[in-house]
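Peer 1: For the record, the sequence lines run as chains Y and P. Residue numbering for the first sequence is 111 to 635, as defined by my numbering. Residue numbering for the second sequence is 23 to 276, as defined by my numbering.
Don't read these hints as lab results, they were simulated from the structure. Quick reminder that beta carbons are idealized off the backbone N, C-alpha and C, glycines included. Any given hint could turn out to be false.
The following label-pair restraints were derived from C-beta to C-beta distances [to be verified]:
#1 P:Ser241 <-> Y:Glu465: 48 to 54 Å
#2 Y:Lys118 <-> P:Lys58: 50 to 56 Å
#3 P:Arg130 <-> Y:Glu631: 50 to 56 Å
#4 P:Ala159 <-> Y:Gly262: 38 to 44 Å
#5 P:Glu245 <-> Y:Ala617: 46 to 52 Å
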Amino acid sequence: MSTTTFRKHLDLDPATVRKARSLARKAGRPIVRLARSHTTVSIERAVLRLAGLQGADPEGTPWVNRLVEAVCSTTGLEHGVALPVWDALLREESDDLLTLAQKAAAGSVSFRLPEGPAARRAMRAARRAVSAGIKRIDQRRHERERLIKRLGDPPQRPWIYLIVATGDIYEDIPQAQAAAREGADVIAVIRSTGQSLLDYVPEGATREGYAGTYATQENFRLMRAALDEVSKELRRYVRLTNYASGLCMPEIATLAGLERLDMMLNDSMYGILFRDINPIRTFVDQRFSRQVHARAGIIINTGEDNYLTTADAVEAAHTVTVSQLLNEYFAKEAGLEDWQLGLGHAFEIDPDRPESFRLELAHALLARELFPKAPLKWMPPTRHMTGDIFRGYLLDAFFNLAGVLTGQQILLVGMMTEAVVTPWLSDRDLALQNVRYVVNACGNLHEDFRPEPNGFIAQRARQVLAEAIDLLERICDEGLLQAIADGTFGLMKRPPDGGKGVDGVAAKSPMYYNPASEILEEAGK
Amino acid sequence: MSVPQVSERSIVRPYGDSTGDGMVQLSFTLPIPHDKRAEGAALQLAAKMGIDPAMVVHAKAMGPDFTFFIVYGRVNHLVDLSQVEVVEREYPLLTPKEANLAIRKRLRRRLVVVGACIGSDAHTVGIDAILNVKGYAGEKGLEYYREIKVINLGAQVPIPDLIARARREQADAILVSQVVTQRDAHIKGTRELAKALREAYAGEQRPLLVVGGPRFHESMTAELGVDRIFGRGTTPREVASYLVHAIVSEPARA
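The shape of chain P in the complex, shown without the other chains (with noise of 0.2 Å):
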């Protein structure tokens, strides 16, 4: 994503119905009861906000203990174009249909991912939201997707399993998750899997390597010899788009 060229200044205020009004509306909630008190509590919190002058068009009780707000008001901070920061993924995010549709078209094959949790981690969490139907997130996982071919191993799969049944199965891909770990097994594991697999594919083109979990730190990758990881709240979405882009759009591995 790139900052679009929406105008020559580079200073820009948000915009209610004229510009340079710097109108913005917010919603919220304070745990406190509804009086005058809390709708002098909602105009601070806008005040603190930098919305100056505030208006609290709505406020309403729920429950004894809560009050709902809808404040609108003019914000007195700018928008500085210039000095907008967009990190940016290194693929795009594909949805399923696009995600299918590249496969399709580009491997003319389906893509095969063979995923498992390994030793003695039992808590298939992880890899069952990025794999299951069911999904996460409101997020389809992969096995939804037409042109990918999920195998889901289960959990505490032997290394030497998982990697003879990448092996049959032709994977493309081979996805690990950890989510509980005791004493760093995360990184043990997957340093181990990670040298089985080399081994194994010794001057072939071996699967890819793609682990995740939150005790993963995405930067990683290298210290511990996998292809790429993904950290908490990744969602199935992600995860294909980043295999479609490494697996479908870049010719060869080594």
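For reference, chain Y alone in the conformation it holds in the complex (with noise of 0.2 Å):
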């Protein structure tokens, strides 16, 4: 198994990567002058939920739903909600928060603005009421750093990150648990087709999901416990993912801060491009989940690996290169450090193709130099996977060994019942052996592997580099939310003005508080 540092081999040219960067900055700048300008109806919810307010109605409706709602309905979003729901509970329209929105829920409860020494004893409460949960977080975030230094992290690079979605939580565990005891290191708990078009976050344990499992809290809690318990048996620190996307992100964000998830999916235009969600939604609500992602120690995990489910993996090799640069402009503004930064790429060339591992080496090793210091996440093939298992089989192989040859951190596994089934005992099995295999037949393998310093590889790499450069100016032109509205990722034309979640939207006025996001951005200084 892969044990000793990797090395570099591409030797790439430090002023085009320093160019690369820069581009990638000046296109995102714009797009974060706008996050900073808009608030939405989820930040806002997180923003409760940071203060404590839990539970749903008895239609299932959560009450950080129906308190925004009620405060929005008469003071408007574009103010935020700290102001108004801690100028009520000051006026004693009620003693708590839940009651409070129990309260206005039923129409029994009057908002308004507060100004002057009222806004600023808001202020102060509600500021109060949030550091809680932020410290929260924090405690989350030191009881992980205590556990990974008394049970330790896996003893070997690539980290194998494995899938569970049976949709039932109480099903997901003792597969999770399995899958552990079996090598998993991370465990991604796949959510239920559609709850990313969902504008709230579902409330309890849940037992039917389609396709996969609804991220709710308890559900967090009681499959973090339940890790808890196997990463002890094991003496190895299991990680737990989830996906903060879609509509209500920055909750989901918020949720796995509190029960102490590791990872979670987090790209910056995920949502725009496959889920039809609006643009500037989804980049106000991400800036926010990756400033919470930031002080709660998790690593992000991108999307780049979606663009070539789409997109031809070899023509459209560089808008992955391109979303990597502008994921790591957002995560660093955010807060995010290298550390924290799984930038996601995927093994998707036709295998027909002539020389295609060839050049799968030549964009994960541009991905690996270009981002030496991030966790990069390498995803199997599914493009290609026809339901012959064999020849799955083989090509999972092939995406093994060009992760240990090119040092890649997170593998998440390649299941040869791909567009199949949903992963069998045995599938998850023969998997992990087919990993175990190459690992320990490869060792340190990449010490011995030295691309020509100007042969197939090395050229490919710089190609594609220079092709997102090409990119990134075309991008800083017209701007990404041009660029975006445009088709240039994933082939998907997606206006600003359109997409779902767009009503859930607003620029902030000048009275606009939020006091997570005032904790988060002093963190960030």
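Starting from two chains that each stand alone, build the complex the way the hints lay out.
Peer 2: Given below as structure tokens:
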């Protein structure tokens, strides 16, 4: 297994790399300005969650939704909910947030936007309440650090990342524990189809989902507790992953922080391109979510692999690089550090193409060397998995080999039954055998792997980087929102005023106050 | 699909390395620990499947409670080719590329699809699985097809709004999904929509009306007044292929 440090092979020109980064910064900066000057209903609900508001009404609508709706219908979204809510509490409209939410839902609370001393009092009270939630996130982070110190990280790189997705949290738990015992270092619980388009986070433990399990605070808690148990047994800290994406991204990021999840899928453009969520809503939600992840010590996983499931993996290779650079800029701007950037890429080149493996190596090395300190997430083939499980098993082995050779750090285990069934117990076992064989057989093979400085691999990597720079220049000229509207990424055209969740976005007023953002921004300085 | 004429005989057996040897391979998992008894259990299962003699060529414990087997053996069943029945889909299943090409060549403009969940149904899982690029079961949704213009109106769309939008977009097809329904609301809602659509387009060529959802039966089209019903497990490609067949391949519709 690979135990020694990965050395660089490509000899990328530092000036070119710097140029790529500065173009990404230039393209991303207007988006950050946009994100700072807007808020969304989900960010406001996340503020209430940090202040401790939980639970749902008898119809299952969370109280945070009911309270935000009630406030927005009187004082609007543009000022944020903190001032009106804590003003109402101070005016003794209710004793606590839950009672206030219940009364507000019944229409018996009058909200106003406080001014002067009343506004200052409300700000102080709101900040105190939200600080408690942030403190809890801090405690959870320290808890993780202690556990890792005591139990240890996986002995090898790449970390082995496995998915469970039964739809029933009580089925997921034994499957996740079994997967950890079989060697998984990271467990991801796939969400139910369509959760990303729900504008609320379901409550409680759930036993029914479509091709996945709902992300809820209680499901997070149950799974983390189960993995803590198995971590102790295995003397190795097993990480838990979920998805901070879709319309409730900020809230799910917050719940992940509160329940000590360790990694979160959190791409800057996935929701826009693949779920047709409004671009502005996505970028605004994104920034807040990433600030929370930064605070919580969560590693984010970005979703560049998805572009290659729609576009050709060779022709569109540079769009992956561009997206990685943008994701890196947005992540760092939000306070995430290099070790938290699980930038994504994938093994998706058509296996019938001559020299496909050489091309894969070039792309994988480029990502590795462009982001030397980031734990890259290496995604297995899906597009060219045909149902021929034997061929698929071979392809997965080559995927594993490319991962080991190019020093990938988080390896999502490919299943030979991809596109056939959700993984069976035996599929997972066979897939892990495949990984173990390649990892053991190769050992520190990367030490001996030295592509020719001007050979096929190095040239291809340089070509992809050059194409990425061209595209970034174009994006800088026309603006990222326009580029997205034109269908630059993954071939999807998404105009800035279209998409789902556009109603839940507002430009902040001068009176806007959000104690969570205030605390998170302070930390980022 | 039809059965190819491979031989004169209508009786065949699986082929391992010589004609008539009947050899098959299979793999499965039993929820029991790996020991002698487990291998016996695997052989018993193989025998009941008609594999005799069977060989457990590989058995491996997967954790304390499961065992994985690979079994080879001679199956004693015969395949009678004259008895093979094939259910024909009335249209060919196209790849996205083929579908795009057919639309481009024969329709010479993009095919317009308006999708929605109607009535009280807030569950867009079904329509999103078919329309979103993300797709379903490893297949990309209709948005992925360059030659299909998709307008997804989302959940709880009133019928008049849906029809108005279809008219404005000059839709070729309306796709409606109903996932969660109570007291046959999906039936009532669909009938209402079909009726409203006919009235709105009286005397003109109306868009194709396609509904889908796990509670529908694919044979209910006439009863509901729709052109096509898709049931549970339908993938985007099937829907796209159908649309190409019904809109592009057929010249006109009353």
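Peer 1: Looking back at the numbered hints, which does the structure fail to meet, lowest number first?
Peer 2: When the structure is compared with the hints, none of them turns out to be violated.
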